[in-house]
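Take the given structure of chain E and dock chain S to it, following the hints.
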Amino acid sequence: MSIRAALGQVAARLVRSRLVVATAGILLAIAALAVVGPLLSPHSYLEADFDRRLLAPTLADLHLFGTDDLGRDLFVRCLLGVQVTLVVAIVASVVSLVIGVVYGAIAGYAGGRVDSAMMRLVDTLYALPFIFFVILLMVYFERNFLLIFVAIGAINWLDMARIVRGQTMSLKEREFVEAARLTGVSPGRILFRHITPNLMGVVVVYVTLTVPQAMLVESFLSFLGLGIQEPQTSLGSLVNNGVRQMEQAPWVLLIPASLLALILASFNFLGDGLRDVLDPRSRER
Amino acid sequence: MQQTGALRFALMRVVSAVPTLLLVISLAFLMMRAAPGGPFDEERALPAETAANVARAYHLDETLPQQFARYMSGLLRGDLGPSFRYPDYSVSELIGGALPLSLQLGTLAMLLALLLGLAAGISAALVRNTFVDRVLTGLALTGISIPIFVIAPLLVLVFAVELGWLPASWSGSGGQARLLLPVLALALPQVAYITRLTRASMIEVMESDFIRTAKAQGLGMPTIVRSHALKPAMLPLLSYMGPAIAGILTGSVVVEQIFGVPGLGQLFVRGALNRDYTLVLGIVILYAALVIALNLVVDILYGYLDPRIRRR
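So the protein sequences, as listed, match chains E and S.
With the numbering used here applied, the first sequence corresponds to residues -14 to 270, in that order.
With the numbering used here applied, the second sequence corresponds to residues 22 to 333, in that order.
Isolated chain E, as found in the complex (with noise of 0.2 Å):
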């Protein structure tokens, strides 16, 4: 079957999974608003008014989702909060993309004693709460952004590593590689011309799952204070400040609320409903 065919094949099969397409519809949705929204807002998310504190959710001024206790609009606050929560996770992602990627596919396509010492470390991180690690990061070290992506991506790569291991080990007994192998191709452009372009699909895959959780981490974090700090804002600042006003003003904390619980199942979703497009024999994990 030539790539084209087999490419065609999987593209019908996605737009037939009606999950999917829902799913990725909802989350571009989410993506274009956040991007546009604020530009068509009269608000600013610095704005702040302190006679229309607490508004509920009305279209005069078109403060759609209402303002918040320094009276900020909270429409444009809620966007942007997803802005920075998408953008954190997706480059958490990224790192931890990068890092699984190559720690896995050298410990497959090395094997024996080296893959079975790499494995019995990612064995090790495993049991460990890493989450508390980062908040050690977050106390010694200042708070910001750069380090906020580099600690989530660098708790996330040890399910990549142990999935793209797998798929490594099995790849470089194919015939391809072989003949690569024979025809004098050093090992370092085997792994990562010829292996690792084959272990992509798989890959975007788990990008998808990884994505929600990078998310979860980076709002964990900035609820407790510790990821994104004012006046920049993310989905879990957001939740943190609704907690202190829903006594009063419940949709404070119920529309960023909804919002992150809604990006994060349509992920979920998004990746259980490709995992089974994708790789069918997963389906009977």
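Treat the hints with caution; some may be incorrect.
Here are a few chain S residues that face chain E, going by a calculated C-beta distance under 7 Å [to be verified]:
#1 S166
#2 I167
#3 P168
#4 A293
#5 A309
Computed from the model, here is a short list of chain E residues facing chain S with C-beta under 10 Å [as the list claims (entries may be wrong)]:
#6 L113
#7 I116
#8 M200
#9 L211
#10 G221
#11 A250
#12 F252
Simulated from the structure, these hints should not be mistaken for lab results.
Bear in mind the structure is a predicted one, so any value in this text is a computation, not a measurement.
Using N, Cα and C, we set each Cβ at its ideal position, and we do this for glycine too.
Just chain S now, kept in the frame of chain E:
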């Protein structure tokens, strides 16, 4: 023969947990030392002599190996050093004051999660593909997607603010009732996972040959479930206990924050926000030790119940 195998397996596990714990402690300690600036940098500048005295009092003037040796030897005696932000207390005293409440909260939440999750999972499996099953699995899937720091405030909003049935915070005169919401909030995400796991493994067991035999012998459904299906169906659950413990630990940080429970989680967040290095370091080490120890117990139990695992 079987007994010695299980014993050897248990011993091997205990031995392999020690380097993990050492790795955790050194990593956490080194990270602290690698941080730019000292713990007292943010306060107004002290006279050079006072600064030197402070540094000496907290042994900040020693070399790294000396500090590490001092910390480790203290750790062996249960001494985690002085707190940097509560000068009158040692870290061990602060932790000792907060730990019992968090342990109570965590244990209750775990028991509740097991009870609700098992009940929901088994019922869903027995009435597979009916309306009840769909409702239960749908609820479980939703529960997995909602983070605990959203579930907890929602519970407060519904049961404390709107309905007024339960106290919302710790400070009021709630008595034992004030435990209810935090325990529920802590348990719910785990209930979702346990329900899904139990349902899946129960379905698998109910389709196996020995259950068909039991049915063919004319045993009633309650007997089959109770004395044949339940035990093998619960085995996969055991391997989920590790992640569940970690989840409840992490969740307790959030839940204690929201409900104002003066436990370890709240102490941890306060320490983190105040940059109380030694306090945060001590709690992280305690958390890690707790997770490693409980995982060890689960592992050994698993090896005991399922001999196949020991061969790995």
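Hints and how they fare:
1. S166: 4 Å, holds
2. I167: For I167 (chain S), the interface hint holds, since the closest Cβ of chain E sits about 5 Å away, which is under 7 Å.
3. P168: It holds, given that the least Cβ distance between P168 (chain S) and chain E is near 6 Å, below 7 Å.
4. A293: OK, holds: A293 (chain S) within 7 Å of chain E, min 5 Å.
5. A309: Holds. Min distance 6 Å.
6. L113: 6 Å, holds
7. I116: This hint holds: I116 (chain E) lies near chain S, its Cβ roughly 5 Å from the closest one there, short of 10 Å.
8. M200: With a minimum Cβ separation of about 9 Å from chain S (threshold 10 Å), the hint on M200 (chain E) holds.
9. L211: Check passed: Cβ of L211 (chain E) comes within 6 Å of chain S, closer than 10 Å.
10. G221: Since chain S brings a Cβ to about 7 Å from G221 (chain E), closer than 10 Å, the hint holds.
11. A250: 4 Å, holds
12. F252: 9 Å, holds
Every hint from the earlier list agrees with this structure, and none is contradicted.
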